[in-house]
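Going down the list, the protein sequences come from chains W and G. So the first sequence is residues 1 to 283, counted in the numbering used here. So the second sequence is residues 1 to 285, counted in the numbering used here.
If you're looking for bench data, these hints aren't it; they were derived computationally from the structure. All clues given are correct.
Per the computed footprint, the stretches of chain W lying under chain G, defined by three or more beta-carbons under 8 angstroms from a beta-carbon of chain G, are:
1. 4-18
2. 95-108
3. 137-151
4. 207-214
With a cut-off of at most 25 angstroms between alpha-carbon atoms, the simulated SDA-like pairs for lysine to any residue come out as follows:
5. K85/W - I269/G
6. K120/W - A247/G
7. K185/G - T275/G
8. K120/W - I67/W
9. K166/G - M1/W
10. K185/G - I3/W
11. K162/G - K185/G
12. K279/W - G103/G
13. K166/G - T197/G
14. K166/W - I87/W
15. K3/G - S169/W
Cβ atoms here follow ideal geometry from the backbone N, Cα and C, with glycine treated the same way.
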Amino acid sequence: MIICLILIILIPFAITAGLLFRSSLLLQDNSLLHLLFSSVWKPEQGSFGFLPFIISSLWVSLLALMIAAPVCLLSALHLTQYAGKGILRVMQPVIDILAGIPSVIYGLWGVITVVPFISKYSKVFLGIETPGYSILAGAVVLSIMIIPLILNILLELLRTVPDELKEASFSLGAGKWHTIKNVLIRKIYPGIIASFGLGLSRAFGETMAVLMVVGNVVKVPTGVLQPGYPLPALIANNFGEMISVPRYDSALMMASLILLVIILIFNFGSRLIIRHIEKQFQS
Amino acid sequence: MTKRSRIEERIARILMYISTLFIAGLLVFILISVLWRALPAFSPEMLIKPPQGGFYFGKSGGILNAIVGSIYLSLGATGLSLVISLPLALYINLYLNKNNRTGDVVRFFLDVMWGIPSVVYGVFGFAMMLFIGMKTSLLAGIITVSVFIIPIMVRAMDEVFKTVPKGLTETCLSLGMTRSETAYKIYVRQCFPGIITAILLSFGRAIGDAASVLFTTGYTDHIPTSLNQPAATLPLAIFFQLSSPFAEVRERAYASAGVLIIIILIISIISRLFTGQFRKHTIKF
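If we strip away everything but chain G, and leave its shape as in the complex, we get (with noise of 0.2 angstroms):
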């Protein structure tokens, strides 16, 4: 090795450390700088209390309404999208194995959906909405945002259930085992963390995705109480708060900013903690 090539080595691993340590720092400078501003704001009347009468001008209230939408918002699609991606899934793996051609295209098709931004996936429901005469409610943003999360669900679910071991399947279908049975009774119980994961990943993208329910599940400050009103979710709630002239409405944003994050980084350390756990009916090989 020459000098000069040794020092070209030097530098560029110096780089490279640098820019490690540079999306670490990343991390935890955007979630100190958002959490130090919510603080000093935060408080706990926030989250028992949708607004009251002048909340934005600054007076008392909450965004209970907005926690409350935004959960059952994520909570309807990731059920509704649950129902759809686990036999999509499993169809995929099961199914289109034999020859490995369709459930590449069934993958590819999956992954150019992911990239769609979610405004399109917003703009498309709204124009739905529109076709059939809906007006902006809560059933309207939960199909649009399962809609939207469905290829992420599914995605996830099949690099869990790629992982089964080949001869697990033949083993079941030897022993007289349809393949639908094999996927409902073997393979998910098998994979339940990874389908945890999975459905974990989905949820946190719902609740934090605001552009896709922007037109169709409006905003409120009532909790919704059926299906067919609109419903404020939290995403939302920060952006309106955040565009107000008032201070004291804006430093509410940052405490709903910090309510968020907090929410986010529940699910993925649940998500963390699942990957271990409930491995009772797996088989190890």
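The shape of chain W in the complex, shown without the other chains (with noise of 0.2 angstroms):
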């Protein structure tokens, strides 16, 4: 049992410290701050700059939650304060099987379905004529894939808060939605900020969907119509070839590193938070 827990511990510094070790050739002739802020990607050349495909990750991350956040958060207050048994019966396994279905059925929806309505109604509504595979796609697609998780962490939250707190805010006189809205969701904001970061870090992560829909084009995206290239797609698409170009696999795992160090922080701040919020409950 012992082993089993070191050998968990281990993993994730295990990885932190063999894609350090595989990415430090890069860093040899290339300063850090170069390779982040350079929007150069010629690996045939040796220059290996990141900026378009953090600017895309980011783009498609934080559309992402801009959609999937208002409706988590309504759906959670619906479920956990007004909705019946039924309701919940019924939910409750929609959003395991929507937590469930893999990403690349996801990718293929967003491909029949996403793609060609963006592409359909931005040349009649905005004139503008893009084939579909675009950061909107990959953000529509992101913002399904992480409603599950943000709303299964959201319903728990709700549910850890004690029904004292409601209960003495009726008596003084206040509605429902009074008190939901002065109540409850001022009793958790941080934990709603920290699920919102949460699934942040998911859609940051999400590779194989988003590479599907997104289009693959290395350039700083400057709208949300045109085609990106996030970290998660780059690294995907390129592991086959990588052995050709020197450098590359160096870069790649670069890649993955600023990946895990991006969403390790995310995820860890995310979880203080919500842990801290169950604790206060508690006692």
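Starting from the two chains in their separate frames, assemble the complex, guided by the hints.
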């Protein structure tokens, strides 16, 4: 049992150390700042700028969060405060199945519905001709993928709020919505932000679905209808060819290291906040 | 209550209702739109034949290699991670429960590990393979995927073990059982349905993940016969077929996606059925 425990504890450190070791080659002749803020990506000439990929990732994830966040918050409030048992019984499996659908399926769904939709309506309404493979398509697909994650955390958080708090508010003459707005949400406010943080980091690391719909063009994107090239897509797309170009593998390891560090920071912070809130209500 | 706040509540309630409906509708929409495309392209031949010559130009053949490969991979990974996860989950609940701090730290750790994207596990697995000189193979895929699903499995089991009442543990210990006897004989039986659910959950994750097997398991048209051979997996088969320039092959990607969805749905339904079954050894309070 202790061996299992030690094994598990070691894995994240091993991953970080391994990636750091493999990417150290790239750092020998390029400074870290140069790598992060250069937008020139020409592996054949040995210049690796990660800026287009980082910016694309940020665009896609933030946009996805902007779509998913209000839906999740409203639905979580509905399910915990207003909905009857029947609706809950239906919705729990729905959330579980949404969470269980593989990312490739989401990607395929994006290709057959979201991409043609964007292609068609951007031409009709905005007069922009695009093939539809864009940041927006990636964000829409991602937002659906992070809904079950955020929703589950929010539901759990809302359930830990003790009833006494609500009752105290009711007894002072506040209405239900008033109580939700001014007591419930205020009380778990940091938790809501934290759950969004977790959703964001999930979106940041999602690979296949995004890869399939986002277009994969190396360029710093300037609008949501343009194609992008997020970090995970970069890793997944180029892993096969990397052996032939020197330093390429090192660069891809670097990309996954950047991804890992960003996600670990987000995860760590969000989980700390959520844990803190749950503790606070238990005692 | 003033009139304004009443209207505000009305609007908020309507919005909430719409959000919930929206989420439920999304699931239905996704399932229907994928299955709708899958059905016309589906043929029974797909399920029983590996790709034949010219398969990637739209000729005959099926995706049996991917289905079998996926099942091998997921079974192997689920089995391997069960060997590590079950003792770990029991350890957290029986040995680390004296002061909750250590257990909490471990749980926190696992939660953070859960957040690491699968592509990072894949890259790490690939780096390790280069390090020890392994080629892309079923075994490498199994190890990578099992590392990736261990946090999920442990946390799912942990949630179940948490519900075992303290009285039961104390009774066992007072009857002279050791902690590990209590763990393997009492906890495992008491929580058997929950353990099955945790296993099925991880199995579903393992079968659906593509990013971590992309570099470790490789891809082949043959059904693997040993652990050292590369294997095809269903998500990757969908991905490759979808990026094909031939319409017939893309059609087949939809059908493969239909197969994958059906597998996932079956797993989900079984795990829901299991929750009510296998309660023979469960002590009710």
